[in-house]
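Each chain, written out:
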Amino acid sequence: MSGRIRPLVRKEFTHIRRDPRSLFLAIGMPVILLVLFGYAITMDIRNVAVGIIDLDRSTLSRDLAARVRGSDYFDLVYISDDYSQAERSLDEGRVKVVLVIPDGLARDAEKNVVLPPIQLLVDGSNNNVALIALGHISRLIQDYALDVISDRMNRGAALQGTRLPSVDPEIRIWYNPELRSTNFIVPGLIAVIMMIVTTLLTALTISREWENGTMEQLIAGPVRPYEIVIGKLVPYFVLGIAQVVLVVAAGTLLFKVPFTGSWLCLFTASAVFLFSGLCIGLLLSIVAKSQQLAFMLSALTTMLPSFILSGFVFPISSMPKPVQLLTYLVPARYFLYTLRGLFLKSYGFGLLWPEIISLAVFGGLVFLACLRKLKLRLD
Amino acid sequence: MGRAIRHIVRKEFIQLFRDRRMLIPVFLAPVIQLILFGYAANLDVRHIALAAVDLDRTTDSRALVSAFQESGYFDVTLSLSSPKEVDDPLRTGKIQAALIIGEDFGRRIGRGERAPVQVIIDGADANSATIIQNYVALIVAKFGTGLIARAGIFKEGTLNFFEPRIWYNPELKSSAWMVPGVFTLILLLTTLILTSMAITREREMGTIEQLIVSPIRPVELILGKTIPFVIIGLCDIFVVLAAAKVVFNVPVRGSFAFLIGSSLIFILTTLSLGLLISTVSRTQGQAMMLAMFFMMPAMLLSSVFSSIENMPRIIQYITYLNPLRYFSEIVRGTLLKGIGLRILWPEVAALLVFGVVTIVISSFRFKKYLE
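From first to last, the protein sequence lines stand for chains A and B. Quick note on this note's numbering: the first sequence kicks off at 1 and runs consecutively. Quick note on this note's numbering: the second sequence kicks off at 1 and runs consecutively.
Hints in this document: simulated from the structure, not taken from any laboratory. Model, not experiment: these values are computed from the prediction. Don't take each hint at face value.
Below 30 Å or equal to it, Euclidean Cα-Cα: the simulated DSS-like pairs (lysine-lysine) are [to be verified]:
no.	chain 1	residue 1	chain 2	residue 2
1	B	K11	B	K245
2	B	K245	B	K173
3	A	K256	B	K94
4	B	K84	B	K94
5	A	K111	B	K142
6	A	K321	B	K94
7	B	K173	A	K321
8	A	K373	A	K289
9	A	K256	A	K345
10	B	K94	B	K11
11	A	K289	B	K11
12	A	K11	A	K375
13	B	K367	B	K11
14	B	K84	B	K142
15	A	K11	A	K373
16	B	K94	A	K345
17	B	K142	B	K173
18	A	K345	B	K84
19	A	K289	A	K375
20	A	K321	A	K345
21	A	K289	A	K11
22	B	K367	A	K321
23	B	K142	B	K94
What follows is a set of in silico ranges between Cβ atoms, one per label pair, in the way DEER data are often shown [what the hints assert, rightly or not]:
no.	chain 1	residue 1	chain 2	residue 2	range
24	A	G70	B	V356	43 to 51 Å
25	B	P116	A	P258	26 to 34 Å
26	B	R313	A	G350	38 to 46 Å
27	B	A349	A	V238	47 to 55 Å
28	A	T252	B	H7	55 to 63 Å
29	A	N212	B	F238	34 to 42 Å
30	B	Y369	A	E87	50 to 58 Å
31	B	R342	A	T252	34 to 42 Å
32	B	R342	A	G70	34 to 42 Å
Okay, the calculated bits of chain A under chain B, using three or more residues with CB under 8 Å as the criterion [stated by the list, open to error]:
no.	segment
33	6-13
34	41-54
35	128-142
36	239-251
37	299-313
38	340-346
Note that beta-carbon positions come from the ideal geometry of N, C-alpha and C, so glycine has one too.
Sequences and hints are given; from them, build the entire structure.
Below, the structure written as structure tokens:
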């Protein structure tokens, strides 16, 4: 058996070597993409562009503007006393939030101790940015208002001596104390990129043979389907391992993402993951007769699903139930969970075995499907 | 000239759909993807599993715990008696956050002092952690206002410090932002993948020689090769937009004609980019790799997954080379804000420049390639 697989493997390696451009793209792409995206994608929402319409023009309103300017979360784009500017700047997208400080702010504070409400216009089109910006700005305004009130109370005779109770939340972040989104993004990116690349590696292998007519020669020979499938898998598995080593090295060295888990576990999980990814590509390649259809199918089944359904940025627990069930069909989901656990939370086999087993079962099933489909074709 | 083009167009259609299964990825998949990802692409964090460690056990501390529960964001799933017990469930992911209320919480509030509470959040998912942090702050701030109001110093309703008004997407629906984004991604994928192999295949199979020796002029060949995909792309635009409207009720506040017009410019750009890839690649495998190499950055460096303003400067400059950046700006602006050419002209101009440049380069390459 191994006697017949070996020449098949050698033949596939020769194919890979003969096309150095594709080989370079296959090896270089994951690292280049990781570096590019690792720097580019941050989920931090800072520097939200803010505009202030100051209708009061008092020391008090200028004090509020100064607080906005001093905040890390906001980027003060303009202060104006022309209300029409608010709509224009929101439409143009120059600002995401406009604070309208009402006329009479200082007067009310002096007379009634309490402040009139400050109007906030928020661009809600990106609901996530809007919600976070709203949270920061409302805290800022509340702090400001309470400071103004206590200041007045300390000076005014009527309420002197009364103290305002308050709750002080002290928030601690574990496992990723600086909330560096690279620590979160990089392990996820490795999983997503590897998913896409491994499937593509094998996606064209058999459809190419069909298109070129070389498949007939293979059929005419004494090779069995499982020998063809294994012969196709082995070379790309080797290539895939090289890619994993490169991207993990890039992730830890370049982005300084701490690796706290077990290396053996990483190796096992990667091997099982590569196996299932390569099998998916192979299956698509067997099913599709043309390379064009194979590419189309593999892009559809891997690209968007591994970005959107793996938990890479969108939390799976917030998805509707039927969609959550679908995510179990996305191998990147298991690998992503494994990588985040290994990188950030020092997980080992004890916690990760369900993921690894699921991947193995998934890969095994796809492998069997490959054999079945190939046999049907050969008949 | 017209007849030659017509024949090539017909040939392309026959070739593409000879395998009937091709109809599925070309027409059905975009709709399924839009619906599926429209539901899935959602950054909201709900049902955050929270452990409560209440060492105070007073009315005030219990009120704070129920303020978390009632906020709708947190589910108090665990009640612990010591802060030390937080470690294990947090690490295994059984809870995402823990609220620890110290022993003198109620007493401090009674005396009108600052009463600290501790909140521990799992930071491994940095994005959810940021959002959870924000919810915590909002809930605690509201609780604090309630305490002041209870103290009876101020009249009811006077502690309303701000009054938010949300524009463009008043219910803050995630789908309003994500569905237009997913629409742009699907359009990019479908059009680019189809064309990126179109010519490489003819070359691999040797049929390109036949086309070269035939009396068809290069211009006719280019047009004949592109027109079918323009037609397919247009169908996809209508089908996917209809799905967005029907399933997610995404508003169309701006001009529909403007939206279709700019979508057409966009697909012309991606199609000619696909043709360019197709002419520079020797094998279909290379064409596929090159297409991926363009699509992945284009997808991730548009504003669909993360906002461009928060990327490092250098990468922000790179995004100016990304046609998807302009297109998603146009689509969201038209759908959600109802703005048109008057405000979006820089984006349309950029897209137009990008389109014309790629069309010129790819036809030039193509002509050279044929000669």
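To see whether the hints hold, each was checked on the structure:
1. K11/B with K245/B: 34 Å, violated
2. K245/B with K173/B: Distance ~14 Å between K245/B and K173/B Cα, so the pair holds.
3. K256/A with K94/B: 27 Å, holds
4. K84/B with K94/B: 15 Å, holds
5. K111/A with K142/B: 25 Å, holds
6. K321/A with K94/B: 19 Å, holds
7. K173/B with K321/A: Holds, at roughly 18 Å.
8. K373/A with K289/A: 12 Å, holds
9. K256/A with K345/A: Holds, at about 15 Å.
10. K94/B with K11/B: Violated - the C-alpha atoms of K11/B and K94/B are around 59 Å apart, more than 30 Å.
11. K289/A with K11/B: Measuring from Cα to Cα gives roughly 19 Å; hence the hint holds.
12. K11/A with K375/A: 21 Å, holds
13. K367/B with K11/B: 20 Å, holds
14. K84/B with K142/B: Cα-Cα ~28 Å, so holds.
15. K11/A with K373/A: Cα-Cα ~22 Å, so holds.
16. K94/B with K345/A: 13 Å, holds
17. K142/B with K173/B: Cα-Cα ~23 Å, so holds.
18. K345/A with K84/B: Roughly 18 Å between the alpha carbons, so the hint for K345/A and K84/B holds.
19. K289/A with K375/A: 15 Å, holds
20. K321/A with K345/A: 27 Å, holds
21. K289/A with K11/A: Holds. K289/A to K11/A sits at ~21 Å (cutoff 30 Å).
22. K367/B with K321/A: The hint is violated at about 52 Å.
23. K142/B with K94/B: It holds: about 27 Å lies between the C-alpha atoms, which stays within 30 Å.
24. G70/A with V356/B: 43 to 51 Å: Given range 43 to 51 Å: holds, Cβ gap about 46 Å.
25. P116/B with P258/A: 26 to 34 Å: 30 Å, holds
26. R313/B with G350/A: 38 to 46 Å: 43 Å, holds
27. A349/B with V238/A: 47 to 55 Å: Given a distance of about 49 Å, which is inside 47 to 55 Å, the answer is holds.
28. T252/A with H7/B: 55 to 63 Å: 57 Å, holds
29. N212/A with F238/B: 34 to 42 Å: 37 Å, holds
30. Y369/B with E87/A: 50 to 58 Å: Since the Cβ atoms of Y369/B and E87/A sit about 52 Å apart, the hinted range of 50 to 58 Å holds.
31. R342/B with T252/A: 34 to 42 Å: 50 Å, violated
32. R342/B with G70/A: 34 to 42 Å: Hint holds: Cβ distance 35 Å, inside 34 to 42 Å.
33. 6-13: Violated: only 0 residues of the segment 6-13 of chain A have a Cβ under 8 Å from chain B.
34. 41-54: holds (count 8)
35. 128-142: Satisfied; 13 residues make the cut.
36. 239-251: Check failed, 0 qualifying residues.
37. 299-313: holds (count 8)
38. 340-346: holds (count 3)
Hints 1, 10, 22, 31, 33, 36 from the list above are not met by this structure, while the remaining hints are.
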